[in-house]
Amino acid sequence: MYNKLKSKTIFWTSITIGIFLALISQTINNDFLSYSLLSLGILAMFISLFFLVKSGFESTIAVCKYWFHKFKGDI
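In this note's numbering, the protein residues as written are 4 to 78.
Keep in mind the hints are simulated off the structure, nothing from the lab.
One or more of the hints may lead you astray.
[As the list claims (entries may be wrong)] Calculated lysine-lysine pairs in the BS3-like style (CA-CA distance at most 25 Å, straight line):
#1 K75 to K9
#2 K68 to K57
#3 K57 to K9
#4 K57 to K11
#5 K11 to K75
Can you make the complete structure from the sequences, with help from the hints?
Have a look at this one:
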């Protein structure tokens, strides 16, 4: 199942979860719970940045492979 998920899907899912947790933490009055949810939200957003960079590298490598094969004459 993991192989079928694309980096962009994981990015958008984790950024949405991170923002959702951060917004919930702003409305809770309990300090420990608010801090915990905010920390989890920030962690999810940092994880999403990894998948954003990974997606960018995948796109860049795909374009470079296309150009290489085009110049080589395979396409």
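For each hint, the structure was consulted:
no.	hint	in the structure
1	K75 to K9	violated (29 Å)
2	K68 to K57	holds (16 Å)
3	K57 to K9	holds (10 Å)
4	K57 to K11	holds (9 Å)
5	K11 to K75	violated (30 Å)
When each numbered hint is compared with the structure, violations occur for hints 1 and 5.
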